[in-house]
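> Please build the complete structure, drawing on both the sequences and the hints.
If you read the protein sequences in the order shown, they are chains A and B. Each residue of the first sequence is one higher than the one before, starting from 808 at the first, in the numbering used here. Each residue of the second sequence is one higher than the one before, starting from 13 at the first, in the numbering used here.
No lab work stands behind these hints, which were simulated from the structure alone. Where a beta carbon is used, it is the ideal one built from N, C-alpha and C, also for glycine. There's no promise every hint is true.
[Said to hold, decoys possible] Some, not all, of what chain B presents toward chain A, calculated at C-beta under 8 Å:
hint, residue
1, ASN53
2, GLN54
3, PHE114
4, PHE116
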Amino acid sequence: GAVVSQHPSRVICKSGTSVKIECRSLDFQATTMFWYRQFPKQSLMLMATSNEGSKATYEQGVEKDKFLINHASLTLSTLTVTSAHPEDSSFYICSARFGQGDTGELFFGEGSRLTVL
Amino acid sequence: AQSVTQLGSHVSVSEGALVLLRCNYSSSVPPYLFWYVQYPNQGLQLLLKYTSAATLVKGINGFEAEFKKSETSFHLTKPSAHMSDAAEYFCAVSLPNTGNQFYFGTGTSLTVIP
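Here is the structure:
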């Protein structure tokens, strides 16, 4: 079946640095990918919708200058957490919808755990 | 507005017992419904989905769910719990003609007691 891969799975960085997380669709083209943030023991919060070749659509309350999203190809979207701070520590998950229309399922990456010291 | 409610953030069952995880939705139009499972420090994996075909949907690992329009529910069941079923389960809704928007419930943590 369709596979979505994220890298890195874990990253630790110092406060003030920037971190890039990659999300790849391995065997299908994804014109749209989604970035979620998950706090411990909580559900997924949609951060933004990444559109290939155009600007990402951010959910209300998500800082677009803080969380930079680039979707340069049909198989790759990147999330860059700029000037990271400890409160940005979280589990970030990407997903891509496989298939046409509204019935296609979302395939999720393995997630990336960010720890900001 | 649409929402997904999962009753019971934590459910514990004995190994071999019935698993029942509840999901109710609110939507002005019939939605598409999904159940996902998440193991620790991993992404989500699709268990099953309902997309307006048969109301009783069978998924992987022996799970199934029934869409009940009158009750606006899509509860997940498994006749006999296995230790490997211990995980976090999320119900999700996707609305027709809304593009790719998914709405997730808050999740239910399943513990299986030996």
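> A separate judgement is required for each hint: does it hold in the structure or not?
Do the hints match the structure? See the list:
For B:ASN53, the suggested interface contact is upheld, since its CB lies about 7 Å from the closest CB of chain A, less than 8 Å. Taking 8 Å as the C-beta contact cut-off toward chain A, the hint placing B:GLN54 at the interface holds, the least distance being around 6 Å. For B:PHE114, the interface hint holds, the least distance from its beta-carbon to any beta-carbon of chain A being 6 Å, beneath 8 Å. Look at B:PHE116: its Cβ gets to within about 5 Å of chain A, closer than 8 Å, so that hint holds up.
Every hint from the earlier list agrees with this structure, and none is contradicted.
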